[in-house]
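Note that the protein sequences, when read in sequence, are chains A and B.
According to numbering that gives the first Met the number 0, the stretch in the first sequence is residues 0 to 489, in order.
According to numbering that gives the first Met the number 0, the stretch in the second sequence is residues 0 to 489, in order.
Do not take every clue at face value.
Quick list of simulated restraints, FRET-style, between CB atoms [said to hold, decoys possible]:
#, chain 1, residue 1, chain 2, residue 2, range
1, B, Arg374, A, Leu278, 50 to 60 Å
2, A, Asp113, B, Thr156, 18 to 28 Å
3, B, Ala125, A, Leu278, 54 to 64 Å
4, A, Asp113, B, Gly230, 50 to 60 Å
5, B, Phe201, A, Asp113, 25 to 35 Å
6, A, Gly256, B, Arg285, 39 to 49 Å
7, A, Leu354, B, Val90, 37 to 47 Å
8, A, Pro204, B, Gly61, 49 to 59 Å
Sample of chain A residues at the chain B side, in silico, Cβ under 10 Å [said to hold, decoys possible]:
#, residue
9, Leu68
10, Gln99
11, Asp133
12, Val299
13, Val359
Calculated from the model, a selection of chain A residues having no Cβ within reach of chain B, i.e. all distances over 12 Å [as the list claims (entries may be wrong)]:
#, residue
14, Ser74
15, Arg105
16, Glu279
These aren't lab readings, by the way, just hints derived from the structure by calculation.
Please read all numbers here as calculations on a predicted model, not as lab measurements.
Every residue, glycine too, gets a C-beta built ideally from N, C-alpha and C.
Number of protein chains: 2
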Amino acid sequence: MTRRSKRSSRSPDGAERNPESEGGIPASVEGAARPGLRIAPSGRRGSTKARKGSPSAEATLGELRGRLLEISDLSASAAVLAWDQATYMPVGGAEARGRQCSLISRLVHERMTDPGLGRLLDRLMAYGESLPHDSDEARLISVTRRDFERAVKVPATFVERASALGSSSYDAWRRARPNNDFAAMRPYLEKILDLRRDYVEFFAPYQHVLDPLIDEMDEGMTCASVQSLFGELRRELSPIVRSIGDQAPADDSCLHGAFAEGPQLEFGLGVARAFGYDLERGRLDRTPHPFCTKFSAGDVRITTRVYPGEVTQALFSTLHEAGHALYEQGVAPELAGTPLGWGASAGVHESQSRLWENVVGRSLGFWRHFYPKLRAAFPDRLGKVPLKTFHRAINKVERSPIRTDADEVTYNLHIMLRFDLELELIEGRLAAKDLPEAWRRRTCRRPGGHAANPTSASALPTTATAACRTCIGIRAASAARSRAIRSAMC
Amino acid sequence: MTRRSKRSSRSPDGAERNPESEGGIPASVEGAARPGLRIAPSGRRGSTKARKGSPSAEATLGELRGRLLEISDLSASAAVLAWDQATYMPVGGAEARGRQCSLISRLVHERMTDPGLGRLLDRLMAYGESLPHDSDEARLISVTRRDFERAVKVPATFVERASALGSSSYDAWRRARPNNDFAAMRPYLEKILDLRRDYVEFFAPYQHVLDPLIDEMDEGMTCASVQSLFGELRRELSPIVRSIGDQAPADDSCLHGAFAEGPQLEFGLGVARAFGYDLERGRLDRTPHPFCTKFSAGDVRITTRVYPGEVTQALFSTLHEAGHALYEQGVAPELAGTPLGWGASAGVHESQSRLWENVVGRSLGFWRHFYPKLRAAFPDRLGKVPLKTFHRAINKVERSPIRTDADEVTYNLHIMLRFDLELELIEGRLAAKDLPEAWRRRTCRRPGGHAANPTSASALPTTATAACRTCIGIRAASAARSRAIRSAMC
């Protein structure tokens, strides 16, 4: 139930997202935007075809909702286990936690593939078709049907295997990260790729091996459409990056130095609250890889990581995750516990997180208001730094090895690079063992690219494996079936 | 899977203890004390009756272990949800969390009452009887049989109802506590008493209504035996308390004043580590009501609460919970995931926690070593306080309204008082509404009792409801069936 996101793509056991949520685009944005307002399906939107649901259809729909709520609650339980693994769990808990997550994944899958659910959906088919296409009820029936049909293609044993691998690879990643130990991660990466290829086969035939994975994250998108989109973006982005590269780099030295971690977290959370993030229904914790997760409409949490020698990374991570959280906190309460009670898609979700992080969070107007507060938190470091200097510094464009810490412009390059690498990995054109070298090579020759920062090399194992965790491609997966894989790749 | 304990008796949803753990006395203490040493049943302890388990019995035992591991993992998942509810969960999460815990409780109960489990146990009966009575295998079979037979007496609907009430009453308690709002708690207390009485009926006939509840916590004990034990204790304790009361009270002013919370927590955790509490397999967090909880052999956590105006409450709570945790961390790894992989009973568990808290933690020898460290943490406050003064202060005997903050001597009075009150409540001789008055009256006339501290009155609602959460009596319950009730009363 954790939202994948720029910074939130990983989750320890993959139990992070509601299995039904992916691609479950709430057709009725209008209805969804009115918490508490429940419009009866009949006659809604003036459809002449709409007819009153027969009592039996209403009862069947009630039964469907009951089943979905149980699935949602079980998924949420797994998400709590995952959040705990990523925030507070002692290392000794990893083995059992993997088993616990795997067990709950299986229970979710059992419920998602229960023939009784299929029969319910069959009974609701005519009713659903009689409703306005974009009514909540019609969408609930059709989205659940789609999720059910996806789920039944995947064997339970696969789900357990995937979840277990997700947990163990997250644990391995957490241990490997401080030492930049790619060798330790490699076997996990290889297993994940194998698992991913096995998974895709359940959805054969397909045009491209990535298509089923992408479709689960952004329904209707394909490998080809992503490539076309990225091609266009690259064409537009290249001259911008090049032109920036031609200029003297911005001076961001004011962002570096000793910044106490507590005040960093406090300031970031203060801004998130000012954005509207409700702490009665959320909280901020620390983690190695920031993410946002949702346990219920009343409990949407964000995480961040803090560097004591730099002041903005934790902040922008927090704002990014707050963007995801605001989106989820804004979902109409009456959709809770159903596949519609979630953000519409990975793409729309990232639009929200990056809106708050970049469009709002790096703007001058924003800092006119917030800079005095940041200065007050760090008077020794920023007291003499003018707003203009600070604002320029936080908008510095510079290649960096860590995607989640990248600036607004090069972040896109990260995504595209990772998409390419993941594509080659899953197609078998690139072996996992060659990933570090491929990463090194590409970061030196991409549009506008100056050679990778020397720290890239040392950061490589993390970033290179992270490359397999982020992109719209491989990381795409519907939670119930393959959440462990996606999470392991996040 | 949370150990109930002096300070740990409550758990938000009652998912705190392994359903199979209660009374699951590891017969083979010797074996259990040798991690990694797995003695085959045959010939063990030199029993002439022992015979090699037939392959089919071994396979059946393997199947039993598989089922028990799944039950244990599900219970652990519920325990994580409960820990989260008691530590970090935002208030908005309470409703869904109650549902989630209730769902998992039902799933545990389904597995504990599965007729397939009963058939397995039938098939293992002869094999179990052929083994030395105190071998791990024989005990595993008999303890599981006992738990199964208890579980099947309780309907699934009851388990769900109990779990839901446990969560909602914990949430109500958390809200009521800061305002001393007994009126807000009263309806919950009444429901809990009703539920408890309903529960006991599943185990009729019984000698006394408390007997089934006590037996689940401390197998073999009864209301009569507890009363007899307490009678004896009271006889011995009264002159001690009276004699202490005749003396000038110890001066404990050195313990009061501004003590920063961070260093308090750090110091307590440092001592726990020195006791042997392994932080690779545990951690310390803050909570309104301290407890210890276990998610697996590799993840045994403790919690405490900190008062910024006093230095020892958080510390002794921490040491107490560390005592529980040390016991659980010391369980032989090969017993993990079975009903034997837990402390032997509530009584033995409290013996461990109070050993570390009082016998060790309030001794002069202990403080000869640790006082310089505590002084170093709080030089302004303790720099000039001699060890002798400090040691006398932490051993001051004084009535206080909060059980978990009571000293070594009056703590016992708390337990006995609460037992009496719970007894009267469950027997119907005392109405929930009259509890505050009964509490007030009794705290003024108990042996050695000076009138209750004026703060007692203001602390009353919490303590009075806590009275229903602590005692060996009402709080006793086996987890799978009635965990919510017990927890709500903890």
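Practice prompt. Return the numbers of the hints above that this structure violates; sort them in rising order.
Written response: Of the numbered hints, 1, 6, 7, 8, 11, 13, 14, 15 and 16 do not hold.
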